[in-house]
Amino acid sequence: MTDSNHKPLDFTAMYASHDAFRRDLERLAAAVAEDRAASPAVRAGWENFQRQLHIHHTAEDSDLWPQVRERVAGRPRDLVLLDEMEAEHSRIDPLLRAVDVALADRAPELPDLVRALAATLDDHLKHEEDSALPLMQDVLTAADWARFTGRMREVQGVRGAALFVPWVVDGAPPADRAAFLGALPPPVRALNRLFWEPGYRRRGLWAQG
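The UniProt record's numbering applies: residue 1 is where the sequence shown begins, and numbers increase by one.
These aren't lab readings, by the way, just hints derived from the structure by calculation. Errors might be hidden in some of the hints.
Said to hold, decoys possible - Cross-link-like lysine to aspartate or glutamate pairs, in silico, EDC-like; alpha carbons within 16 angstroms at most: (1) 126 <-> 34; (2) 7 <-> 138; (3) 126 <-> 170; (4) 126 <-> 86; (5) 7 <-> 144.
What the hints assert, rightly or not - Quick list of the computed label-pair ranges, beta carbon to beta carbon: (6) 26 <-> 184: 42 to 50 angstroms; (7) 109 <-> 76: 35 to 43 angstroms; (8) 106 <-> 75: 16 to 24 angstroms; (9) 44 <-> 105: 17 to 25 angstroms; (10) 70 <-> 159: 12 to 20 angstroms; (11) 150 <-> 202: 39 to 47 angstroms; (12) 62 <-> 201: 29 to 37 angstroms.
Source: prediction; values computed, not measured. We put the beta carbon where it would ideally sit given N, CA and C, even for glycine.
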C-alpha cells in the first residue's frame, strides 16, 4: 500500500484522543494526591474517561484490528503486533475495575493502582503510536480509515460528540487544539464553539473546589 496512489491517513484525532487519556489520568493522580478523589467533579471526570476509553478500545477491537489483520495475513511479525495490541487492552481492563472499586471504597491502595493504570495505558498508547499506526498507514486505504472513523462517530452519536470534541481539546496546547478542530467539518466547529464547549465547561470535570 506504499505506492504513490496511497493517500496518507490522518491520525490527528487518534493522537489527540491518546493525549486526552493521558491528561485525564494525570488529573486523577493529582486529585488522589490532594485527597479530592471522592468529589463529584473527579468522579464525573473518571466516569467520562472510562466511557471514552471503552468506546475507543471497543471500536479498535471490533472494527480496526480485524481489518488490519486481513491485510497482513501471511505476515507473522505484523500478526504478532496485532495480538499484542489486543492483549494490552485485556491487561488494562482489570486495572480500570480495580481503580473504580478503590475510588468507591477510598481504599489505601488507590494511589498505587492509579500509577499502575497510568503506566500500563501509556505503555500501550506508545506501542500503538510507534508500531501499530505506522502499520495501519502502510496497509489501510483512506476508505478503510473512513469506515473506522465513521463507526466511531456512529457509536458516539451527536450527544456523544457534544462531549467528546470539547473533552479532547480540554487543556490541549494551542497548536494541537487547532489541528484537531481544523480537521472537523465547519458546522461541527461552530457547534463546538457555540454550544458544546460552554456545556462542557459547565460540567466542571475534574474541577477543584
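How the hints compare with the structure:
With a CA separation close to 28 angstroms, the supplied pair residue 126 and residue 34 exceeds the 16 angstroms bound. A distance of roughly 10 angstroms separates the Cα atoms of residue 7 and residue 138; the hinted pair therefore holds under the 16 angstroms criterion. In summary, the hint linking residue 126 to residue 170 is not supported, as the alpha carbons are separated by about 21 angstroms, beyond the 16 angstroms threshold. Restraint check for residue 126 and residue 86: satisfied, since their Cα atoms lie roughly 14 angstroms apart, inside the 16 angstroms limit.
Restraint check for residue 7 and residue 144: the C-alpha separation of about 11 angstroms stays at or below 16 angstroms, so the hint holds. Between residue 26 and residue 184 the beta carbon distance is about 25 angstroms. The supplied range of 42 to 50 angstroms is therefore violated. Roughly 40 angstroms separates the CB atoms of residue 109 and residue 76, a value that falls within the hinted 35 to 43 angstroms. Between residue 106 and residue 75 the CB atoms are about 48 angstroms apart, so this pair departs from the stated range of 16 to 24 angstroms.
Separated by about 18 angstroms at the C-beta atoms, residue 44 and residue 105 satisfy the suggested range of 17 to 25 angstroms. With their beta carbons about 32 angstroms apart, residue 70 and residue 159 fall outside the hinted range of 12 to 20 angstroms. Distance hint for residue 150 and residue 202: a CB-CB separation of about 30 angstroms, inconsistent with the stated range 39 to 47 angstroms. The given range of 29 to 37 angstroms is respected by residue 62 and residue 201, whose C-beta atoms sit roughly 33 angstroms from each other.
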